[in-house]
Every structure is written in structure tokens, then in C-alpha cells.
Amino acid sequence: MVDTATPQILPDIEQDEKSKPESELEPGYLVVCWNDPVNFMEYVTHVFQTVFGWNKQKAEHHMMQVHNQGKSVLVRESMEKAEHYVHQLQKYSLHATMERDK
Amino acid sequence: MKQIKGARGRLGFQIERSEKRLLLEVLQLYPMIPADHQKLSKTGQRDEDQQLLEEALAEQRLENRKQLEAMLNARNRFRKIKGKESYQFSLKTSEADWLLQVLNDIRVGSWLKLGSPEKTDDFFAALSEKTAPYFWAMEVSGQFQMILVHALGKHS
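So the protein lines, in turn, are chains F and W. According to the numbering used here, the first sequence is numbered sequentially starting from 1. According to the numbering used here, the second sequence is numbered sequentially starting from 1001.
Treat the hints as calculated values from the structure; they're not laboratory data. As the structure is a computational prediction, the values presented were derived from the model and not from experiment. Hints may be right or wrong, so weigh each one.
Subject to a maximum C-alpha distance of 30 Å in a straight line, what follows is the list of computed DSS-like cross-link-like pairs (lysine-lysine) [as the list claims (entries may be wrong)]:
| # | chain 1 | residue 1 | chain 2 | residue 2 |
| --- | --- | --- | --- | --- |
| 1 | W | K1005 | F | K56 |
| 2 | W | K1039 | F | K58 |
| 3 | W | K1005 | F | K58 |
| 4 | F | K81 | W | K1042 |
| 5 | F | K58 | F | K71 |
| 6 | F | K58 | F | K102 |
| 7 | F | K58 | W | K1119 |
| 8 | W | K1066 | F | K81 |
| 9 | F | K56 | W | K1042 |
| 10 | W | K1130 | W | K1113 |
| 11 | F | K56 | W | K1119 |
| 12 | F | K58 | W | K1154 |
| 13 | F | K58 | W | K1042 |
| 14 | F | K102 | W | K1039 |
| 15 | F | K56 | W | K1002 |
| 16 | W | K1092 | F | K58 |
| 17 | W | K1039 | F | K71 |
| 18 | F | K71 | W | K1042 |
| 19 | W | K1039 | F | K81 |
| 20 | W | K1020 | W | K1113 |
| 21 | W | K1119 | F | K71 |
| 22 | F | K102 | W | K1042 |
| 23 | F | K71 | W | K1154 |
Taking beta-carbon pairs under 7 Å as the criterion, some of the chain F residues facing chain W (in silico) [as the list claims (entries may be wrong)]:
| # | residue |
| --- | --- |
| 24 | P37 |
| 25 | V38 |
| 26 | E42 |
| 27 | Y43 |
| 28 | H46 |
| 29 | H87 |
| 30 | Q90 |
| 31 | K91 |
| 32 | Y92 |
| 33 | S93 |
| 34 | T97 |
| 35 | M98 |
| 36 | E99 |
The beta carbon of each residue, even a glycine, is placed where N, CA and C say it ideally should be.
Taking the hints into account, I'd like the entire structure generated from these sequences.
This is the structure in C-alpha cells:
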């Protein structure tokens, strides 16, 4: 006779989130874009507008920061969201990383 | 290549025969950026996160390559203009944005092949018979990128 499996209660997403270390859920990660001599300024502005949904003025402000200061902190997010944004920016071949905010 | 009026919210372009050849030729180089080039963090990251990033980017590039093949092989992508040595084609804004990603991969990848020169002098120092094709790819992809960026900027 085939055993009837005991129903298993699997953790849902909410429970999974709860099990994550608090540090990963806190907006303690900076998404940084770094300067390079190859990406066009207009292109970088376009990417910021597309990825973050910013208006042109805000996107240009961050692009100019990258250009003049060598980098710009774009957003401060949880680990998961920061990873998502870094991946999006790298899809466009921008030099972007996420750094722990100290 | 220049922007012309596009129908139904699409971006329209007119391209000369010689430019079309250049565009198709440069697109054949995709992808050029090595999978392990991009780093998740400068100040240390977990190996598994870096590996996931590389896998995701590699998957994305594979998908882009397939999409590119489909685009290059689409019969009616470029329509010849009667009596002229030029063609018309149109792109949805999402396609233009995607094509920008592809072209920039070629541009940045070519720059990496040149040894990532920082200044104009370094670019010229890197120039040789062997590296000349990378200069060509960088410049050609850049020219098409600028036309697409301006077209998308005007459209939004």
C-alpha cells in the first residue's frame, strides 16, 4: 500500500524574508557608478533614466558626478535591490558596483 | 544613418547601403566583454554572488546573441528606398534600447581589447596593425550608439 504523504508546510516568501539576516534587508548598500573613458555621457544619462526612471535633469546630475568626481552614489538600497540595480547597469556595460555603507 | 519619421510610435531610420554594411559587420562582433569582467563590488563580495552575476550576464548575452541573429536575418528589416542607395528601417523603443546595449558591449569590449587606455595618448600608443580592428569597432559602434541615444531622447 502506498503511504500517504504527510502534508508539508513550506515556508512562504514572507517567512523566508524573516529568516534573512537583518543586515541584508536594511538599505545599507550603495549602488555606485564609476567613471571610465569609454562610455558616452549621453549614453550614461540614458541608462540612468531607463534603469531608475529618473528625469533627465537628475540623470544628468549623477552622470556629471561620475564624470567630474570619478564616481556617483546612485541609490542606497537593501542588498537584494542593490544587486538588482548593479545587474541592470552592468547589462548596459556601465562600471557599477555595490558597496556596504559604513 | 539618420532618423526619419517612424510609424505607430516606432523610431524610423534611413541608412545608406555602406552604413548598413558597417552596422551588420560590427554587430557580428557581439559579444565582446568577457563574462568575468564585471565585478559586483570593489570592496569584496561573496563568491557565490559574483558567480550568480556572471551567470546572469552570460545568459543575457546568449539571449541577446539569439535576438541579434533573428534581427540580422529578418527579411523585411531593411526596406530599400526606390531609386536610392539607401534603406529604411524602424525599431520599437525597446528594440532601440536593446540595440544600444549590444553596441555598447562591442564598444567597451573593443576598448578592453586595446588595454583599457585612459587618455588620448594611450589610445594612440595602443594603435598597431593588430589592434586597428578594435579601434574601428569602437568608433563604428559609437557612431551608431549616438544616433540611437538621440532618437530615444527625442522620443521620450
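Hint-by-hint comparison with the structure:
1. K1005/W / K56/F: holds, 23 Å
2. K1039/W / K58/F: holds, 26 Å
3. K1005/W / K58/F: Given pair K1005/W, K58/F holds - Cα atoms ~29 Å apart, limit 30 Å.
4. K81/F / K1042/W: holds, 17 Å
5. K58/F / K71/F: Holds - the C-alpha atoms of K71/F and K58/F are around 15 Å apart, at most 30 Å.
6. K58/F / K102/F: holds, 25 Å
7. K58/F / K1119/W: Roughly 28 Å separates the two Cα atoms, so the pair holds.
8. K1066/W / K81/F: holds, 28 Å
9. K56/F / K1042/W: holds, 28 Å
10. K1130/W / K1113/W: Roughly 10 Å separates the two Cα atoms, so the pair holds.
11. K56/F / K1119/W: holds, 28 Å
12. K58/F / K1154/W: With a Cα-Cα distance of about 17 Å, the restraint between K58/F and K1154/W holds, given a limit of 30 Å.
13. K58/F / K1042/W: holds, 25 Å
14. K102/F / K1039/W: holds, 20 Å
15. K56/F / K1002/W: holds, 23 Å
16. K1092/W / K58/F: holds, 25 Å
17. K1039/W / K71/F: With Cα atoms ~15 Å apart, K1039/W and K71/F stay inside 30 Å; holds.
18. K71/F / K1042/W: holds, 12 Å
19. K1039/W / K81/F: holds, 16 Å
20. K1020/W / K1113/W: At roughly 25 Å apart (the allowed maximum being 30 Å), K1113/W and K1020/W satisfy the hint.
21. K1119/W / K71/F: holds, 18 Å
22. K102/F / K1042/W: Distance of about 14 Å is within 30 Å: holds.
23. K71/F / K1154/W: Holds: K71/F and K1154/W sit about 27 Å apart, inside 30 Å.
24. P37: holds, 6 Å
25. V38: With a closest approach of 4 Å, the V38/F hint holds.
26. E42: holds, 5 Å
27. Y43: Check passed: Cβ of Y43/F comes within 6 Å of chain W, closer than 7 Å.
28. H46: Since the shortest Cβ distance to chain W is 5 Å, the answer is holds.
29. H87: With Cβ-Cβ at 6 Å, under 7 Å, it holds.
30. Q90: holds, 5 Å
31. K91: holds, 6 Å
32. Y92: holds, 5 Å
33. S93: holds, 4 Å
34. T97: Check passed: Cβ of T97/F comes within 5 Å of chain W, closer than 7 Å.
35. M98: holds, 6 Å
36. E99: Result: holds, 5 Å to nearest chain W Cβ.
Against the hints set out earlier in the document, no violation occurs for any number.
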